[in-house]
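Visitor: Sequence:
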Amino acid sequence: MEKSWKFLLWWPYFFLSALCLRIFAPLFRSIQEQRNGPWVIGGHRGRLYDDNSAALHTYIAEHTSVPLIWIAGDPKLENKLRSKGFRVLRKNSLAARMAVLRAPVLIYSHGEDDLDSFLKYFRKTLGMRVFLGHCHKHLKTSQMTKPDLDRLSPWQRRKYIFNITRFDLALASSPLEKTHFEEAFADLSGKVLPFGGAAHMDRVLENMQRQPEKVIVWFPTYRNDPKGVEELKGTIQEVISDTRLIKYLEEQNFQLEVLCHINSDSSRPDAPSHRLIRFRPPGDVISILGRTSCFISDYSGLIIDWLAFGRPMIHFPFDEKEYLKTRKLCISLQDLQFGPMVYSVTDLVSVLVQNTWRNEKEYADKRKYWVQQIFPDLRPGYAKRCYHAILNMREKFHEKH
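The numbering of the sequence shown is my numbering, which starts it at 22 and goes up by one.
A couple of the hints might just be wrong.
What the hints assert, rightly or not - In silico SDA-like links for lysine to any residue, alpha-carbon gap of 20 Å or less:
(1) Lys105 to Gly304
(2) Lys346 to Lys105
(3) Lys167 to Asn184
(4) Lys248 to Lys349
Claimed, not checked - Just the calculated beta-carbon pair ranges, DEER-fashion:
(5) Val87 to Asp368: 29 to 39 Å
(6) Leu170 to Lys389: 33 to 43 Å
(7) Pro233 to Glu416: 53 to 63 Å
(8) Thr367 to Gln273: 16 to 26 Å
(9) Phe183 to Met119: 22 to 32 Å
(10) Thr377 to Pro303: 24 to 34 Å
It is worth saying that the hints were derived from the structure and are not from the lab.
The beta carbon of each residue, even a glycine, is placed where N, CA and C say it ideally should be.
Please take these sequences and the hints and turn them into a complete structure.
Guide: Given below as structure tokens:
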């Protein structure tokens with residue numbers, strides 16, 4: 022949930038108005054059942070237009086007559102999407118909340134607070150809620166797999182479950198991903214389909230056709246705790262100032278781009294001074310991957326997208342032991358590994374400067390295995406299949422309710 026001073030200042034109003042909506046929401050059930058109202062969709066807590074929700078929104082807008090409303094929490098994003106002709110409403114506004122109450126279908130990628138910070142208080146009175154996930158659900162998991170969940174008291178457990186993402190339908194892209202969804206949402210396992218997910222894969226398939234440039238991209242995911250944030254910040258600084266790495270980039274005329282996570286502003290050190298090293302702001306990551314020769318990451322779901330590209334990978338989980346104390350992975354990095362695995366900056370730089378990262382034959386069998394497990398169908402049409410899955414389930418949902 023947002024923690025800006027503006028949000029905290031308006032928190033009492035947002036909260037009380039949400040409770041009022043909970044009282045009057047049942048009056049909108051007949052409007053939802055008409056099924057011709059605008060679908061409401063959002064993603065990335067309203068901050069970005071760059072995930073499964075964005076891919077599905079684009080497809081529906083371009084190929085169907087279904088009316089849509091995108092929920093934006095950022096004024097710049099709101100103006101940008103409006104300039105493209107999309108209908109956009111500001112997150113938590115009265116207009117957005119009325120749209121949410123009327124919508125026959127609500128779609129989100131990170132959680133219900135993509136659409137409204139307090140949606141959980143009136144979730145049971147809404148149209149069909151569809152959870153897409155922001156990428157693939159094969160690495161980081163949470164929700165009902167929280168490592169210390171068993172230590173919570175019954176009251177704490179009920180509170181925790183109330184606060185996590187809920188849905189009427191979740192879409193996976195394969196039987197394996199369905200299994201991972203069900204592990205994370207054990208109490209909602211009957212609401213997960215093994216098809217229709219990963220709408221963003223159409224953009225991956227499109228960018229796979231691009232020729233890689235002399236670019237190495239490193240995407241360290243964010244850390245939740247202050248200690249982890251400081252360690253990440255120090256590790257980034259150590260990498261971008263390594264003299265061996267800088268010499269290698271100069272000799273090979275490669276560029277290192279550090280892709281910044283939207284939640285990681287506090288872990289970003291000062292901007293690098295060398296011309297061949299740069300920070301990339303969040304957004305449009307698939308296009309960035311399309312021009313990338315080698316990808317470096319730790320626990321990001323982008324690793325799964327990168328698997329489809331068939332290009333060199335370096336696994337760099339420098340704090341794996343500490344990270345896994347508070348998070349769980351669907352597939353261990355060691356099982357997934359389809360490139361060199363390093364745990365220190367020294368080893369990372371050595372793999373780069375010695376060109377070990379170019380040796381793909383060593384991991385060819387492992388890569389082939391996971392491609393078959395994760396991508397049973399690598400043909401375009403992911404967003405189309407996503408739309409039709411929602412359309413079919415919408416009819417069953419409204420008949421049932």
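Visitor: Checked against the structure, which of the hints given earlier come out wrong?
Guide: 2, 5, 7
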